[in-house]
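Input sequences plus hints: build the corresponding full structure.
Residue numbers (our numbering), protein chains in the order written: chain A, 13 to 449; chain B, 13 to 449.
Hints are not guaranteed to be accurate.
No distinction is drawn between identical chains; accordingly, a pair holds when it is met within one copy or between any pair of copies.
As the list claims (entries may be wrong) - DSBU-like mimics (lysine-lysine), calculated; alpha carbons at most 30 Å apart, straight line:
no., residue 1, residue 2
1, 415, 335
2, 62, 193
3, 104, 61
4, 423, 340
5, 104, 193
6, 62, 104
7, 104, 340
8, 335, 423
9, 61, 193
10, 335, 62
11, 193, 335
12, 193, 415
13, 415, 61
14, 193, 340
15, 104, 335
16, 423, 104
17, 61, 423
18, 415, 62
19, 62, 423
Since the hints were made in silico from the structure, they are not lab data.
There are 2 protein chains.
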Amino acid sequence: MEPIRLGLIGFGVVGAGVGAILRNNGPALAARVGRPLSLIHVAVRDLNKKRPALPEGARLTGDPFEVVNDPSVDIVIEVMGGESPAFELCSKAVANGKHFVTANKLLLALRGEEVYRAVEVAGVELGFEAAVAGAVPVIRALRDALAADQVEQTRGIVNGTGNYILSRMTDERVTFAEALKGAQELGYAEADPTLDVEGIDSAHKIAILAALAFETPVDFSAVYTEGITRLTPEDIIMAGEFGYRVKLLAIARRVDGQVDLRVHPAMIPARQFIANVNGPFNAVEITSRAAGANMLVGRGAGSGPTASAVMGDVVDIARNIVKGGAGKRYPMSAPVAARRRLPARPISALVTEYYLRFTVPDRPGVLAELAGALGRNGISISSMIQRGRQENEPVSVVMLTHKAREADLDKALAEIANSGLCAQPTMRVRIVNDERA
Amino acid sequence: MEPIRLGLIGFGVVGAGVGAILRNNGPALAARVGRPLSLIHVAVRDLNKKRPALPEGARLTGDPFEVVNDPSVDIVIEVMGGESPAFELCSKAVANGKHFVTANKLLLALRGEEVYRAVEVAGVELGFEAAVAGAVPVIRALRDALAADQVEQTRGIVNGTGNYILSRMTDERVTFAEALKGAQELGYAEADPTLDVEGIDSAHKIAILAALAFETPVDFSAVYTEGITRLTPEDIIMAGEFGYRVKLLAIARRVDGQVDLRVHPAMIPARQFIANVNGPFNAVEITSRAAGANMLVGRGAGSGPTASAVMGDVVDIARNIVKGGAGKRYPMSAPVAARRRLPARPISALVTEYYLRFTVPDRPGVLAELAGALGRNGISISSMIQRGRQENEPVSVVMLTHKAREADLDKALAEIANSGLCAQPTMRVRIVNDERA
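Here you go:
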């Protein structure tokens with residue numbers, strides 16, 4: 013029987029996982045699809061690098077454009093990552109009438125609208141379940157399962173590296189640098205961990221989810237993004253004493269016709285489900301009007317989970333090819349023409365509770381100065397702790413606030429910074445007490 | 013623009029929820045689909061009963077066959093429940109070329125293969141996300157997201173009523189009867205709670221999930237089914253002392269080419285995620301070879317969640333109608349012709365640890381007799397507790413066993429029952445320590 017022919021761009025960790033699924037699961041996949049799947053063309057960056065054997069007859073190339081221009085290829089799988097040339101490859105593949113499956117969150121966060129439009133115009137299929145939270149079916153939940161509902165909020169832990177580091181900082185009371193080193197040794201963090209620990213990878217993912225959940229184009233630069241590099245063991249211990257766990261949270265919320273989009277460390281009540289998602293796990297919670305809160309948890313990265321998600325999309329599309337339905341659905345929950353741009357809500361409009369850690373000299377009057385600056389800007393304090401006394405050494409003063417406006421807090425913290433009182437920059441962590449936050 | 017025309021069979025709690033979504037979300041749904049959705053024909057059991065207003069122009073009938081025979085109806089939504097006439101209505105609708113969306117787990121557990129085959133032959137679409145765990149996208153996870161993976165196990169808490177009752181028994185130390193009464197007062201349990209508390213509803217759902225996960229027809233009578241009615245507060249308290257929580261677990265496992273399918277109360281280590289899913293929530297954990305364990309949690313019942321799931325399927329199908337792809341996909345993960353019947357694994361072949369509670373007279377020699385019967389059948393005891401002493405009154409002796417074969421334990425318990433030693437039938441609860449259990 014005529015196979016469905018696959019082209020693969022990128023043969024790193026995920027590409028090797030794709031190869032493994034095709035090798036181990038071939039007959040089962042052929043039975044599910046109704047025709048065999050055959051990997052016929054593979055593009056790699058370095059032709060001389062040692063790599064797992066390719067299937068018999070597969071062509072290897074150093075030029076990914078050969079794959080998207082190969083007239084025999086039915087479905088292109090892109091697992092190379094990055095914006096360019098991934099975007100150009102996607103555009104070319106789609107223009108050539110090929111279906112496109114990608115794990116590339118950066119591509120979709122930055123160029124998603126162009127991709128969705130091109131896919132819809134070309135009448136091909138787009139698979140991108142692997143772009144967010146591996147094989148955890150968050151894309152299908154938003155696009156299909158909740159297609160009749162009104163999503164109010166999507167939030168989650170969508171970066172396994174960051175969550176692993178925070179879990180180690182919490183469980184072993186080590187510093188960020190120590191936890192990062194451990195993560196790198198285990199292969200959970202890359203040599204350059206910036207995308208993960210600065211929250212950028214999480215921001216990519218929440219931008220994709222928001223675009224889907226709220227049927228709006230998302231301007232990626234409008235996503236407020238703050239990483240976990242400044243958190244100290246002290247912050248995490250103090251959070252625990254107040255009943256919170258610290259997580260790198262990605263939040264997309266619909267508020268007053270605006271979209272609130274942000275990634276930052278958050279203190280979450282320890283009793284909440286999402287506060288207990290630890291190690292390399294991802295969790296995405298979707299709150300919609302009729303269904304309430306749904307939570308999806310699983311491994312969000314790694315060769316197996318990502319390849320499972322990629323190949324799930326491939327099988328899904330291949331079945332549609334066999335049945336004649338391929339390209340006869342929208343890539344998003346609604347046709348591109350029905351998408352309306354919702355304005356971004358600035359972080360300054362956020363109203364929440366805050367954890368503040370000041371590093372100040374241990375002398376009378378300091379507290380009054382801090383409290384004064386906060387009070388003048390309408391920030392009211394719910395708890396305060398000062399631990400230890402060290403004469404001539406700065407000490408930590410930790411305050412929790414009642415609900416306050418971020419813009420007001422910014423002003424208060426600027427006053428405090430200008431006063432020269434603090435020996436170090438003040439640490440601020442947003443507290444997420446509400447289920448809708 | 014020409015609407016997509018819906019027929020609705022059943023206008024109870026879920027039917028009213030469907031009506032509410034159409035009313036509240038109409039313009040958004042029309043934008044997503046590309047054409048408006050219009051409810052044109054509704055069948056109810058009792059024409060005289062008071063009910064929410066129908067959309068203008070909708071016909072009301074007491075005969076559901078009128079809906080499936082209405083040539084204007086594009087999609088039939090069946091939320092009446094039960095096997096008959098739901099099966100006949102489904103068959104007729106499908107034969108008439110209509111797409112079919114159902115929340116009816118009993119129908120699919122008992123007659124699923126016939127339904128899947130008829131749908132595939134007719135080239136129409138089947139939506140049944142609502143049949144298991146409400147809007148939690150377990151059907152899409154198994155059918156689509158994990159379509160390239162090999163599912164090894166699916167297990168979960170899929171009955172909100174049972175979970176609510178167990179949660180109250182755990183938190184408030186009330187009896188089953190008291191917790192049931194509370195659930196009934198809150199509308200979480202029906203007047204006749206048999207399907208829920210005897211595990212039958214859970215068995216329906218796990219049969220559907222197994223048929224999908226393992227691409228096998230399932231003989232519903234082969235699902236081992238045991239409810240929660242015999243559990244006592246003492247069992248739940250003892251479980252807690254040993255570090256377990258008691259849940260009504262539905263398990264579908266692939267073992268040695270067989271399918272192990274069962275529903276029973278289970279003691280689960282309190283640290284496991286699923287042990288902490290409480291109240292009316294459902295959770296389904298899917299373990300597959302490449303992706304590992306994915307867990308999906310949400311409200312599994314009620315008007316809003318079920319109607320959201322039903323209408324999600326409707327929108328999904330309506331989009332396909334507009335784009336010309338409707339009916340061009342398989343109802344299950346594989347074509348019916350590719351489905352192979354896997355043999356059922358009998359419960360007697362189960363190997364696990366057990367909690368046993370004997371009710372015996374408090375006199376010397378009794379323990380030796382119990383231990384003797386267990387030992388003769390190869391059952392070894394890991395812990396034993398006897399609480400209190402009441403002369404001339406039977407007392408509880410609780411034992412935990414090491415891993416044992418269910419068939420051996422059956423023999424030992426039969427010997428003990430025949431000895432006339434026990435004042436009441438012995439309580440046995442299976443312990444699920446392994447992630448794969």
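So, going through the hints one by one against the coordinates:
1. 415 / 335: Neither. Shortest intra-copy (55 Å) and inter-copy (48 Å) distances fail the 30 Å Cα cut-off.
2. 62 / 193: within (27 Å within a copy, 66 Å between copies)
3. 104 / 61: within (27 Å within a copy, 60 Å between copies)
4. 423 / 340: The answer is neither: 53 Å in one copy and 59 Å across copies each exceed 30 Å.
5. 104 / 193: Result: close neither inside a copy nor across copies, 40 Å intra and 63 Å inter.
6. 62 / 104: The answer is within: 29 Å in one copy meets 30 Å, while 59 Å across copies does not.
7. 104 / 340: both (20 Å within a copy, 27 Å between copies)
8. 335 / 423: Neither, since 61 Å and 53 Å both go past 30 Å.
9. 61 / 193: Answer is within: at 27 Å inside a copy they meet the 30 Å cutoff, but 68 Å across does not.
10. 335 / 62: neither (39 Å within a copy, 45 Å between copies)
11. 193 / 335: neither (50 Å within a copy, 51 Å between copies)
12. 193 / 415: neither (36 Å within a copy, 40 Å between copies)
13. 415 / 61: neither (55 Å within a copy, 49 Å between copies)
14. 193 / 340: neither (47 Å within a copy, 50 Å between copies)
15. 104 / 335: For residue 104 and residue 335, both the intra-copy (25 Å) and inter-copy (23 Å) Cα distances are at most 30 Å.
16. 423 / 104: neither (49 Å within a copy, 68 Å between copies)
17. 61 / 423: Answer is neither; intra-copy 54 Å and inter-copy 61 Å both fail.
18. 415 / 62: neither (56 Å within a copy, 46 Å between copies)
19. 62 / 423: neither (56 Å within a copy, 58 Å between copies)
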